[in-house]
Amino acid sequence: MNRILVLVPFAFDDEGVARRKAQLSEAAVRAEVTYDFRPVAAGPTSFQSPHDWLLLDVAILEAGLGAETEGYDAVVIDTASDSGVDALRSMLDIPVVGPGRASLLFALTLGRSFGVLAQWEPALARMRKSLDDWGLASYCAGVEHFDTEPDYATLIGDKRDEVFPKMEAACLRLVDCGADVICLGSTTMHEAHEHLSARLPVPVVNPGPLSYKLAETFLAAGLSHSRLAFPRPLVPKQEMIHAMLDAAHRRA
Amino acid sequence: MTQDARKILVLVPFPMTPDQLSKRTEQRDEVQLPASVELHYRSTRAAPSNYVSAHDYVLADITLLEAGMRAEEEGYDAVCIDTVSDSGVAALRSMLSIPVIAPGRTMFMTALMLGRRFGVLSMWQRWFGLYERTLRDLAMEDRCAGMRSIDTQPDSKNLFDGKEEDLLPLLHEAAVQLVELDGADVVCLGSTTMHQAHRYLQERLPVPVLNPGPLSYLTADAMLSLGLSHSRKAYPEPLVPKPEMISAMLTAAAEVEGPQ
Chain A
1 MNRILVLVPF
11 AFDDEGVARR
21 KAQLSEAAVR
31 AEVTYDFRPV
41 AAGPTSFQSP
51 HDWLLLDVAI
61 LEAGLGAETE
71 GYDAVVIDTA
81 SDSGVDALRS
91 MLDIPVVGPG
101 RASLLFALTL
111 GRSFGVLAQW
121 EPALARMRKS
131 LDDWGLASYC
141 AGVEHFDTEP
151 DYATLIGDKR
161 DEVFPKMEAA
171 CLRLVDCGAD
181 VICLGSTTMH
191 EAHEHLSARL
201 PVPVVNPGPL
211 SYKLAETFLA
221 AGLSHSRLAF
231 PRPLVPKQEM
241 IHAMLDAAHR
251 RA
Chain B
253 MTQDARKILV
263 LVPFPMTPDQ
273 LSKRTEQRDE
283 VQLPASVELH
293 YRSTRAAPSN
303 YVSAHDYVLA
313 DITLLEAGMR
323 AEEEGYDAVC
333 IDTVSDSGVA
343 ALRSMLSIPV
353 IAPGRTMFMT
363 ALMLGRRFGV
373 LSMWQRWFGL
383 YERTLRDLAM
393 EDRCAGMRSI
403 DTQPDSKNLF
413 DGKEEDLLPL
423 LHEAAVQLVE
433 LDGADVVCLG
443 STTMHQAHRY
453 LQERLPVPVL
463 NPGPLSYLTA
473 DAMLSLGLSH
483 SRKAYPEPLV
493 PKPEMISAML
503 TAAAEVEGPQ
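Protein chains in written order, with the numbering used here: chain A, 1 to 252; chain B, 253 to 512.
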């Protein structure tokens, strides 16, 4: 029996967390693996500026840094930005999986290039930064958005009839640009995966469910991240990090 | 969603006796596969003697294509190739809709999920051309920190068989050089035939060591769990498939080779 901790990047209530947890039904996860979803204590309201990105790095680090002592076998981050992944890897020996970089690399096992579906224009800056940071820009046929403001709590919800056609059109533009594979640019798009997969002529990678299967793969193979790539801090500051997020939570 | 039973065909790139084939099937015990996954191993009917020249690469491609091209109609859910060369994968993908897993490509991409640059540990310097070919195809040469070998001609059928005491320390020494001198933060085994060294090396090295064969089985399971397969845009179907011609070619090849 393995336990995997999924870190949800917003301070949601149970209902908001449940919408994220619905991703579990989109992959055939192993019956012997338990997934616990945990929201961050506090964090940014949006996700479109370096201010937001930094806050999310700290919030996710705090939410997961005790995972190993709590008895978890792996940690998954429920955001394709991979916020907090590097910092968590520097402190944990158990596998820490970020869906963003992993979904793009996985796409390159299925085709020669990928296209990324972004939510709206303000999301493009982060996506371009990620492509550069991960050294994967040259494999990207394009980034297209569907011009819809994200709702991180309710996701697509009852707006499917309006939003799904716009997503499909943006994906077809990516295929026209030469994308062999489409990567959903956010785990919040998971509700559209089935619809898009059924209509597009290329594979569609759903980053959240993929990250669960990768975590299971790493556990089954006895793998984790390289300590040489993610060195430990000389002096870990867990208490300081927890105190910062406690303060942020009280303030929120 | 729970897992349905899955039949995965593993193509072994050389004709084998049952005893030799058992050394390949041992790989299934090196990872925890779900009980729902069934692995069926099948040898090619002919093969090059080893994978060291363009002549060999072409023969490897065609023999593996022939061994797996009917996998879908035979009821398999996915195909894995038991060679890091990824031989035959592109052609098989062009003919099959079920996932066809390329262990080399998959291993290098997985390495980049765990570290920044990987090193390739090999038995033999003459295998480097295979890795260079895949890295060029992926345009990922700059992610490879280095390649090291113990310059020992491998036995693709009997594997380490009795030579462990000689070979394992040499492999360890070369892997340490990959890490300490070349800057690899993940080590990739350069052949599925090296699986017998995986545990020894992983216990002694400070970085993840990727075992390509077992990793390919888990990747096949993940792809099936996610409903994913390769892109038809990247692997277009032939206008006129020639399975009968390909089968006839391999029947002829096997006759020329005689019993293996």
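Since the hints were made in silico from the structure, they are not lab data. Be careful, since some hints might not be right.
[Said to hold, decoys possible] Selected chain A positions facing chain B (in silico; Cβ < 10 Å):
id: 1; residue: Glu26
id: 2; residue: Val29
id: 3; residue: Gln48
id: 4; residue: Ala107
id: 5; residue: Leu108
id: 6; residue: Arg112
id: 7; residue: Ser138
id: 8; residue: Gly142
id: 9; residue: Arg173
id: 10; residue: Val175
id: 11; residue: Glu194
id: 12; residue: Pro209
id: 13; residue: Lys213
id: 14; residue: Phe230
id: 15; residue: Pro233
Keep in mind that this is a model prediction, so the values were computed, not measured. Ideal Cβ placement from N, Cα and C applies to all residues, glycine included.
Q | Numbers of unmet hints, in rising order | A | When the structure is compared with the hints, numbers 3, 8, 9, 15 turn out to be violated.
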